[in-house]
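Engineer: Order-wise, the sequence lines are chains S and F. Residue numbers are given in the numbering used here: position 177 of the first sequence equals residue 177, and the series is strictly consecutive. In short: position in the second sequence from 1, add 1000, done, that's the numbering used here.
Check the hints yourself; a few may be wrong.
FRET-style restraints, in silico, Cβ to Cβ [unchecked claim]:
no., chain 1, residue 1, chain 2, residue 2, range
1, S, L228, F, S1222, 45 to 51 Å
2, S, R142, F, R1214, 42 to 48 Å
3, F, P1089, S, G87, 43 to 49 Å
4, S, G204, F, E1120, 41 to 47 Å
5, S, L74, F, D1070, 52 to 58 Å
6, S, L228, F, G1123, 18 to 24 Å
7, S, L74, F, D1012, 46 to 52 Å
8, F, D1070, S, F79, 46 to 52 Å
9, F, N1020, S, M130, 34 to 40 Å
10, F, N1020, S, K227, 56 to 62 Å
Covered stretches of chain S, as calculated for chain F (at least 3 residues, CB under 8 Å) [to be verified]:
no., stretch
11, 26-37
12, 147-160
13, 191-197
Simulated from the structure, these hints should not be mistaken for laboratory data. Even glycine gets a Cβ: it sits at the ideal position worked out from N, Cα and C.
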Amino acid sequence: MNSDPTFMELLYKFVAKNYDRILFLTWQHIYISLIALGITIIICVPLGIYLTKNEKLTPYAIGLANIFETIPSLALLAFLIFPLGIGNKNAICALVLYAALPVLQNTYTGIKSVPPSLVQAARGMGMTEMQILFKVQLPLARPVLIAGMRVATVWIIGTATLAAAIGGGGLGKLIFSGLASIRYEVVFAGALPATVLALFADQGLKMVQEYYSPKNRAMRLARKAEKLEKINREEMEENCQENMVSG
Amino acid sequence: MVIFENVRKVYDDGTVAVNNLNLEIKEGEFVVLIGPSGCGKTTTLKMVNRLEECTAGKIYVDGNDITTVDPVKLRRGIGYVIQQIALMPHLSVAENIGIVPRLHKWEKNKIDKRVDELLEMAGLNPAQYKYRLPDQLSGGQQQRIGVLRALAVEPRVVLMDEPFGALDPISRDRLQNELLELQKKLKKTIIFVTHDIDEALKLADRIVIMRQGRVEQIDTPSELKNNPVNDFVKAFIGEERLAKISPEAPIDIIIEEPGLKVLPDTKASLVLNHLEDIGPESAQVVDRNGKWLGMAIVPDIKKVAKLGGYIKEAVRLERKLYIEEATLRDAAEMLADRDLPVPILDENNIFLGVVTHNGIARLTISRLQRKIS
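Using the sequences provided together with the hints, build the complete structure.
Structural biologist: As structure tokens, then:
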């Protein structure tokens, strides 16, 4: 009997034959996403901090980010063809605009949510404005900041699949070519790594977030305290022995 | 140590927070700023470390006009404690205390040693508390750390903005006592803001009473209680204090001078004449050392005077109260029993004064007025 090959067999065959291409596209996907995320953070975190000091601009900046956020992602990519043409440059630019809102908004909210009394105390103790930012405001805003980055990362990795639609690279290429040729195993070979990437990136950032959680911080400090106590005890015992010898 | 010279603060919206303040605080002095809210006390405090800039006038800290010093540098040399405590929640107790030493770029070992020293000074075991986060401490412990943090680099001036305002009464009382003990040892120049007159009276060397940006009176606690300069000060001190008078309160607040105090070797007839002239029904017999020998009432004095005796032969000894243990209730009961002054003595039988119906009546009236208003 010569039956049609099953989906799994087709997928296996495709992956076995094209694994280097899949790996390359995955790498390209990561590369595009990382650059987009990097640029987003480099622009939006300082901008968010700036907004906390210039409240008047806040509604405009957040409103603008909100507009980019609302434009359908594929449409945004299409619009950017006019100034930027097709390719990865266009895709990265669109991703940055698209991911700006959560990073910008969370930076702003995170810093705003630091109790004013803490900032006042820090200033009163003689911290410079920079020290207040880096030693008080940013560490305390960290959970909110990382939460914003998590959202941005997942969006970027997901939306980066659309880059293929305007001539960019990444795993979207497999998805689009699979759809065009009605070969679902090819679609799947692109969709699965993209999904896994998003999940891993999200979990990774979550772990960073948890590392700094008060609970874990308390645990690390407790370990430090135990160590100190052990040292103290040993020192005391040593002293005892010395006393006994000299006695 | 800290001098305010014609200091004035006007906010952007035109409110005058502090109006022409003149105040000289000596080294090692504990000065409390007090007044109703909006009186400018906190603004005054914040102008010292330039969290607020004064609009006019000059402030000198340690001889330097503070506008000539970089504010960051100025603040690093002045301790600062605030009501919200404001320990950094992401830093351990040790790191919190070490904030200012780190700003001064102390070495790690030196900071570590200083932290241990401070914790021990506050009666907290370093090994036990050093690595805790602020959240793991009670409110009282947190503010203890807040005070230690302000003392870390041994500033000569410490500013405290209602530091115990958010604590429960028991912790507040305990921290006040600890602060007094600490101050005895460290002799810092402390400027302390509060709205609690009892706290002010307990802690201050001098109290500055403010109203609407102006100073009403600057004096020691006892001077304020004895000689309030105007009705506002009187109300501010009296109201708060009287609010807490219970029948079990000590009697010292209503002690007054006796109508007549005589030496034991005075002729009884002389005393009698005098009493008939001025009115009172009794005389207190006190020797030259101030020791109370008894109290003489008119009928007894008359008998002795007829025989030509001395006043010391007419005294009675059973009517008296000791200041250490007597309460207002004891005094009131004795007065209700018999309308004669009650002599008040200390434990060595030294005569301090008398308590009379009038004193109790005045106290009642002031309380009644308060209740009505």
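Engineer: Now tell me, hint by hint, if it's right for this structure.
Structural biologist: Here's how the hints hold up against the structure:
1. Look at S/L228 against F/S1222: about 48 Å separates their beta carbons, and that is inside 45 to 51 Å.
2. Against the hinted window of 42 to 48 Å, the Cβ-Cβ separation of S/R142 and F/R1214 comes to about 46 Å, which satisfies the hint.
3. Between F/P1089 and S/G87 the C-beta distance comes to about 47 Å, which sits within the given range of 43 to 49 Å.
4. Our hint of 41 to 47 Å for S/G204 and F/E1120 holds, since their Cβ atoms are close to 43 Å apart.
5. Checked against the given bound of 52 to 58 Å, the beta carbons of S/L74 and F/D1070, roughly 55 Å apart, stay inside it.
6. For the hinted restraint 18 to 24 Å between S/L228 and F/G1123, the CB-CB distance of approximately 19 Å keeps it satisfied.
7. Checked against the hint of 46 to 52 Å, the C-beta distance between S/L74 and F/D1012 comes to roughly 50 Å, which is consistent with it.
8. Our hint of 46 to 52 Å for F/D1070 and S/F79 holds, since their Cβ atoms are close to 51 Å apart.
9. Hint check: F/N1020 to S/M130, Cβ distance near 37 Å, so the stated range 34 to 40 Å holds.
10. A beta carbon spacing of about 58 Å between F/N1020 and S/K227 agrees with the range 56 to 62 Å that was offered as a hint.
11. Look at the stretch 26-37 of chain S against chain F: 0 of its residues bring a Cβ nearer than 8 Å to a Cβ of that chain, fewer than three, so the hint is violated.
12. Figure legend: the stretch 147-160 of chain S, annotated as covered by chain F; annotation inconsistent (0 residues with Cβ-Cβ distances under 8 Å, at least 3 required).
13. Here the stretch 191-197 of chain S counts 0 residues with a CB under 8 Å from a CB of chain F, which misses the bar of 3, and the coverage is violated.
Hints 11, 12, 13 from the earlier list are contradicted by this structure; the remaining hints agree with it.
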